[in-house]
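J.: For reference, the chains in residue letters:
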Amino acid sequence: MSSVRADADPQPPGARGQAGPVLAVRDLSVAYAMDRGAVLAVDRVSFELYPGEFLGIVGESGCGKSTLLFAIAQLLASPAAVIGGSVDFKGVNLVGMTDSRLTAVRWRDMSVVMQSAMNALNPVKSIGSQFKDAMKAHGVTSADEIAGRSAEVLRMVGIDPVHLKSFPHQLSGGMRQRSMIAMALLFTPDLVIMDEPTSALDVVAQRSLMVQIKNLQAELGFAVIFVTHDMSLVSHFSQRLMVMYAGQVAEWGATRSVFDTPRHPYSIGLMDAFPSIKGERVPLTGIPGRPPDLSRRQQGCWFAPRCPQVMAVCTETNPDLYPVRDALVRCLLYAAGADGAGADRAGADGKAGGD
Amino acid sequence: MSMPISGVSTAGPAGPAGPEPATGAPAGPAAPPATRALSRMARAVRSNRKATVGAVLLGIFILVGLFPGLIAHDNPNADAYAPRLGISTAHLLGTTAYGQDMFAQVIWGTRNVLIIAFVAGLATTGIAVLVGVAAAYLGGLWDGSLSLFTDVLLVIPIFPLLIVIAAYLHGGTTIVLILVITVTSWSYTARQLRSQALSLRNRDFLAAARVRGERRLYIIVVEVIPTMTSLLVACFLTNALYAVLFASSLQFIGLGDPNTVSWGTMLYWAQNNAALQTGQPMWAIAPGACIAVLGAAFALLNYAFDEIGNPALRSVRRTRVKRAG
Amino acid sequence: MDEPLLRTDRLTRHFKIGSALSRRTLHAVDDVSMAIGAREIVALAGESGSGKTTIARLLAKLYQPTSGEIYFAGRPLSSIRSRTDLLRYRGEVPVVFQDPFSATNPVFRASHGILRALTLHRPELSRQQRYDEAQRAFEAVGLAPAAEIMQRYPHELSGGQRQRVGFAQALAMRPKLILADEPVSMLDVSIRIGLLNVMADLRDKQGVSVLYITHDIASARYVADRLIVMYAGHIAEAGPVEEVLARPRHPYTQLLLSAVPDPRAELHVTEETDKGEPPRVIDPTPGCRFRWRCPLAIDECHSVTPPLRELVPGHSAACHVARADAATVAFR
Numbered sequence: 001m002s003s004v005r006a007d008a009d010p011q012p013p014g015a016r017g018q019a020g021p022v023l024a025v026r027d028l029s030v031a032y033a034m035d036r037g038a039v040l041a042v043d044r045v046s047f048e049l050y051p052g053e054f055l056g057i058v059g060e061s062g063c064g065k066s067t068l069l070f071a072i073a074q075l076l077a078s079p080a081a082v083i084g085g086s087v088d089f090k091g092v093n094l095v096g097m098t099d100s101r102l103t104a105v106r107w108r109d110m111s112v113v114m115q116s117a118m119n120a121l122n123p124v125k126s127i128g129s130q131f132k133d134a135m136k137a138h139g140v141t142s143a144d145e146i147a148g149r150s151a152e153v154l155r156m157v158g159i160d161p162v163h164l165k166s167f168p169h170q171l172s173g174g175m176r177q178r179s180m181i182a183m184a185l186l187f188t189p190d191l192v193i194m195d196e197p198t199s200a201l202d203v204v205a206q207r208s209l210m211v212q213i214k215n216l217q218a219e220l221g222f223a224v225i226f227v228t229h230d231m232s233l234v235s236h237f238s239q240r241l242m243v244m245y246a247g248q249v250a251e252w253g254a255t256r257s258v259f260d261t262p263r264h265p266y267s268i269g270l271m272d273a274f275p276s277i278k279g280e281r282v283p284l285t286g287i288p289g290r291p292p293d294l295s296r297r298q299q300g301c302w303f304a305p306r307c308p309q310v311m312a313v314c315t316e317t318n319p320d321l322y323p324v325r326d327a328l329v330r331c332l333l334y335a336a337g338a339d340g341a342g343a344d345r346a347g348a349d350g351k352a353g354g355d
Numbered sequence: 001m002s003m004p005i006s007g008v009s010t011a012g013p014a015g016p017a018g019p020e021p022a023t024g025a026p027a028g029p030a031a032p033p034a035t036r037a038l039s040r041m042a043r044a045v046r047s048n049r050k051a052t053v054g055a056v057l058l059g060i061f062i063l064v065g066l067f068p069g070l071i072a073h074d075n076p077n078a079d080a081y082a083p084r085l086g087i088s089t090a091h092l093l094g095t096t097a098y099g100q101d102m103f104a105q106v107i108w109g110t111r112n113v114l115i116i117a118f119v120a121g122l123a124t125t126g127i128a129v130l131v132g133v134a135a136a137y138l139g140g141l142w143d144g145s146l147s148l149f150t151d152v153l154l155v156i157p158i159f160p161l162l163i164v165i166a167a168y169l170h171g172g173t174t175i176v177l178i179l180v181i182t183v184t185s186w187s188y189t190a191r192q193l194r195s196q197a198l199s200l201r202n203r204d205f206l207a208a209a210r211v212r213g214e215r216r217l218y219i220i221v222v223e224v225i226p227t228m229t230s231l232l233v234a235c236f237l238t239n240a241l242y243a244v245l246f247a248s249s250l251q252f253i254g255l256g257d258p259n260t261v262s263w264g265t266m267l268y269w270a271q272n273n274a275a276l277q278t279g280q281p282m283w284a285i286a287p288g289a290c291i292a293v294l295g296a297a298f299a300l301l302n303y304a305f306d307e308i309g310n311p312a313l314r315s316v317r318r319t320r321v322k323r324a325g
Numbered sequence: 001m002d003e004p005l006l007r008t009d010r011l012t013r014h015f016k017i018g019s020a021l022s023r024r025t026l027h028a029v030d031d032v033s034m035a036i037g038a039r040e041i042v043a044l045a046g047e048s049g050s051g052k053t054t055i056a057r058l059l060a061k062l063y064q065p066t067s068g069e070i071y072f073a074g075r076p077l078s079s080i081r082s083r084t085d086l087l088r089y090r091g092e093v094p095v096v097f098q099d100p101f102s103a104t105n106p107v108f109r110a111s112h113g114i115l116r117a118l119t120l121h122r123p124e125l126s127r128q129q130r131y132d133e134a135q136r137a138f139e140a141v142g143l144a145p146a147a148e149i150m151q152r153y154p155h156e157l158s159g160g161q162r163q164r165v166g167f168a169q170a171l172a173m174r175p176k177l178i179l180a181d182e183p184v185s186m187l188d189v190s191i192r193i194g195l196l197n198v199m200a201d202l203r204d205k206q207g208v209s210v211l212y213i214t215h216d217i218a219s220a221r222y223v224a225d226r227l228i229v230m231y232a233g234h235i236a237e238a239g240p241v242e243e244v245l246a247r248p249r250h251p252y253t254q255l256l257l258s259a260v261p262d263p264r265a266e267l268h269v270t271e272e273t274d275k276g277e278p279p280r281v282i283d284p285t286p287g288c289r290f291r292w293r294c295p296l297a298i299d300e301c302h303s304v305t306p307p308l309r310e311l312v313p314g315h316s317a318a319c320h321v322a323r324a325d326a327a328t329v330a331f332r
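Chains as they are written, first to last, in the numbering used here: chain P, 1 to 355; chain S, 1 to 325; chain W, 1 to 332.
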């Protein structure tokens, strides 16, 4: 399944001129083994990520975004397992790789920033000694080099290196998250995966952290996959956006395009669920109903029970991803090149883009 | 206000666009949490193989304890037979040095052991609940003093204390044994329950109950304790197990009433008559094995409750998921 | 001017921290004087550590104030002594908690809390009447079919449904003011709007006031009539919500507004994005607590704690630099 090039898509730094994508995920599927049967948490997700690109993955609880992240980073634990597809990192398929081969990749070329720093950082070790552990695990032995690099990464994220001696509980929430990011950058990886790194932070700290990440990305050229439930947060920072629902890709395209003209009724609903602080104060509705129970596989589109634009065929046919101008949308409204008809419908609901 | 889009209302997630007319009769008070907890426990026991085995064993012992006369036809106390007989169809385990039928003794002794196990187990757990949960919820000075009291008792080694008290009371009937065991054993469980209750203390539903206007006693009894049922049952099983072991040990060293028919007293008499050395191994082995098996039954049952408390331990019968790559 | 429904007068709450030897105090809430009227939703906004949760606990009588007073319908809360009076207050000012997963007892059905609340606060009702009232409350918050949902256990309900149960419980007591402590922050985004609409409904149809505590300015704007912004235990700014958002007078309010991500707006990423975080206020010296992060700080800000001044009728700010006639421009 090919990924989509947006015409208006700005070239990210570290351009596409280079040989191939940093990460190519093809038809990746993850299932959980439960009492009642296997539950498909991630259903045939595909995308490509180029050097220096910032990809936002957006969805609510249960949509599979965190599972997808863990699958890419090869961090899945039983009862979850990858049951299909491939994750090509710099040309090599990570799925099925042994732990020893993965260690070479981990942290040097690909690192992960978890959701809550307090859960990921060791509370009884100082920041500095945790950095030292990470570096030693990857073969760096010189004490000078360790000290130097530790101080350097902390400065990069805006923390005074004196905090190498501090323990996690002595730092504020924002500083803890930053030190997690610093740790992820120790070996200047090509890809940094972030799972909701800002959700525990206040809005001001959140904003400054995002700006920091963006600046570091411009400076060091790594690609970022950023998973969040907060659509408005990624809107300013990502080039491409993937909206997930029930383990599937619901909509996928250039960020501006998905924001200005969302096409999937779920994306439209999600956009509608964010009250704005500027402009008119309008009544909003959110999305009625709740996310589906993935253990009850059904015919047809997962979103049909909650969809305001549902049609009869939606409960019979499983929609594929259909191309709509510069995006891919998993919605029967856009099937068989019904390009114009679908877009008009989406526009009629008040989310008109530049029509 | 929000406007429905194409007929889909924003009222809750239920299908119909509006509320359905209510059926007249009230559902009454919610099914008491006890019955619900019991069914949950039954399910846990059935689904866990170890626990099922334990339950079956315990069930057998209980049946034996309830109807000993149906199984063993001899009077356990009567010195009616020739002494030191071996195993035969007339005497399934042989006879003791005093001519008593050993099988009858084992069967009739079950009752005594079970009574001690259940009563001491319940009493120990009961006191532990009162002290532990109250200390956790009341906090402050109450917690300080109750915890101090608990900790002091905890530090004293149980078995020597048991011996001292039982000796002071000149050896004991069953009631004395139960009392002694209860008094020395409750502190460990109280500590456990206090920790658990403390972890619950900041749960919002307790603050919600307080803000609703409930009294503190109500909150402790109705809101806190029911959420701890599986831990309480697990504690009960552990305490019952230890009661069996302690009681039998006390009886073995002669601090029980030697005329009671019980497994521990059988061991006492067996020891007195050097049973193992004089070729009457059954006299020691039979009661010893029973103690071990009953203890194992309690321990096996406990596995089910471990899992209720910690779902990660559940051995799920998993559907096979073929890994890729 | 009528006596407002709830009024605080220089409300203060300190906590002692550290060991018994160190005499340090944490100033969670200092000198807060605010008012909530009938039939209005007041949003209390601030970051963590601003004191907003402590205020909720003080108003709910879960904490006692260190100093200052709270007046409900003209009566000071400190005069509540008997259990009957306390029960009546709890029925008039119930609380909805933040975490739907820990705010319901998993052992009982969804109807448990509301039936208990009715038993305690409306003892004149018979059992059948209580049941009917509970049903009515469930329907009023959008839980339908009420009879069926009341029979479910909490783990069979979604987070959004559980929060609605929380509101139904509060509603059943026929309250005057509901204290909602971050009721939507743990819910999925698409579910939040539904709950916010429930709150607006309660104000419009049931005449109940709501104190909506949140860190999300956008949702505060959506549902509230008035906005109070807190910083480090003090009120920074207060006024009608549209007025405060359109013409913020306190530099901190400006900072907050500039940091809120808004997908429909353009992003202005400036070089000096504020990296600071709200302070933990321990043994503070006099002066404005925002002064270290404020680009407009003057000498007076370092020595004199700014009082909350009414700059424009209904709109006050605690800032030496704020002016009545022009908006303060500190952060873009």
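Derived from the structure by calculation, the hints contain no laboratory data.
Computed from a predicted structure; not experimentally measured.
Ideal Cβ positions, reconstructed from N, Cα and C, are used throughout, including at glycine.
One or more of the hints may lead you astray.
Restraint-style ranges between C-beta atoms, simulated for each label pair [as the list claims (entries may be wrong)]: (1) S:Gly140 / P:Ala147: 31 to 41 Å; (2) W:Trp292 / P:Ala147: 29 to 39 Å; (3) P:Gln298 / W:Arg39: 16 to 26 Å; (4) W:Pro240 / S:Arg201: 36 to 46 Å.
J.: Hints first: check each against the structure and report whether it holds.
T.: Outcome of the hint check:
no.: 1; hint: S:Gly140 / P:Ala147: 31 to 41 Å; result: violated, 48 Å
no.: 2; hint: W:Trp292 / P:Ala147: 29 to 39 Å; result: holds, 30 Å
no.: 3; hint: P:Gln298 / W:Arg39: 16 to 26 Å; result: violated, 45 Å
no.: 4; hint: W:Pro240 / S:Arg201: 36 to 46 Å; result: holds, 40 Å
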